[in-house]
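Participant: Sequence:
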Amino acid sequence: MQKLLLVTNPKAASGHGQKFVPEIVQRFASRAIQSEIFCSDYAGHIESYIGKCDLSPYSAVIAIGGDGTLHEVLNGLYQQDKTRRIPLGLIPAGTGNAFARELGLFAGQWQQAVDVICAGKIRCVDSARYRYPGHQRYFINIINMGFGVDAGRTAKKLKFLGNSSYTLGTLWQTLFLRSWPLTITLDGKRMEQSTVLASVSNSRYTGTSFLIAPDAQVDDGLLDVLILTDISRLRILRLFPSIYKGEHIHYPEVTITRAKHILIETEELKELTPDGEFNGCTPVEIDCLKQDVEFLWPN
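Going by numbering that gives the first Met the number 0, the sequence shown wraps up at 298, each residue one higher than the last.
Since the hints were made in silico from the structure, they are not lab data. Check each hint, because a few of them may be wrong.
As the list claims (entries may be wrong) - Label pairs and their calculated CB-CB ranges:
| # | residue 1 | residue 2 | range |
| --- | --- | --- | --- |
| 1 | F37 | C123 | 22 to 32 Å |
| 2 | R232 | L157 | 28 to 38 Å |
| 3 | P297 | R83 | 23 to 33 Å |
| 4 | P56 | S231 | 33 to 43 Å |
| 5 | P132 | G43 | 14 to 24 Å |
| 6 | K51 | R232 | 40 to 50 Å |
| 7 | Q110 | G43 | 22 to 32 Å |
| 8 | S55 | R130 | 46 to 56 Å |
| 9 | K120 | K51 | 21 to 31 Å |
| 10 | Q110 | K156 | 13 to 23 Å |
| 11 | G187 | C38 | 44 to 54 Å |
| 12 | S47 | K156 | 19 to 29 Å |
| 13 | R189 | S29 | 30 to 40 Å |
Every residue gets a Cβ at the ideal spot worked out from N, C-alpha and C, and that includes glycine.
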């Protein structure tokens, strides 16, 4: 590592992670690694900057923030020609830090994250391309629709509570639970179901603490598709605590299937939340891009 581009979102975790940036820069400097900081001013700023930036002076681009910051950096990199992309690193400092769990990191563990980056080990991990009418974008963690989107919208209003906002958002939306018809095609196999929630995961966690896809692997070339079928409010309240340990998969209302190519169609438009961000709607076509992203990873 010679020079890093550090990308930070001052609004991540209500600005909590921003106060560590000078110390992060100093820790890199103590390892003889130069760094340059880009600080976003508005939603989408990171993505547009990375997409147009000359990345050739940098050894890697480092997202300082949560899943939303990582999502913007990823989509910015995909605007670059593949030959010009550089490795990606993460220092978790957001409200949601789900992908950081794959690296064994939690919010606030910036020293450990810096050490991982300095070690310079690269792991090629999967990402996913999703296409909805008129648009093509990417995610690295998860994409949700239905109940998960509703819970995420409530959680966004409660961001000042930190990671517990996801738990409270989920519990609140249980009051408004309803099912909807879904047509899903997995690697050519078409199914129709009445559904409460549908998610497509590349990694295991969502909202930092929910072990939504316990057997997902980030480099196997497959996405884990979870469907939660018709379920009562009382039943979902019983199921809810089991998600923290990944034991929800044993409920008969839950199915998980792996696939490379997924097509999801709904009678009414369903909003999408890729990596916790509100962006897109059904119908949506999703493809796993096997080991398409170079990521700085722990030994």
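Participant: Does each hint fit the structure? Answer for all of them.
Facilitator: Verification of the hints:
| no. | hint | result |
| --- | --- | --- |
| 1 | F37 with C123: 22 to 32 Å | holds (25 Å) |
| 2 | R232 with L157: 28 to 38 Å | violated (20 Å) |
| 3 | P297 with R83: 23 to 33 Å | holds (26 Å) |
| 4 | P56 with S231: 33 to 43 Å | violated (57 Å) |
| 5 | P132 with G43: 14 to 24 Å | holds (19 Å) |
| 6 | K51 with R232: 40 to 50 Å | holds (48 Å) |
| 7 | Q110 with G43: 22 to 32 Å | holds (30 Å) |
| 8 | S55 with R130: 46 to 56 Å | violated (29 Å) |
| 9 | K120 with K51: 21 to 31 Å | holds (29 Å) |
| 10 | Q110 with K156: 13 to 23 Å | violated (32 Å) |
| 11 | G187 with C38: 44 to 54 Å | holds (45 Å) |
| 12 | S47 with K156: 19 to 29 Å | holds (26 Å) |
| 13 | R189 with S29: 30 to 40 Å | violated (56 Å) |
Hint check: violations occur at hints 2, 4, 8, 10 and 13; the rest are consistent with the structure.
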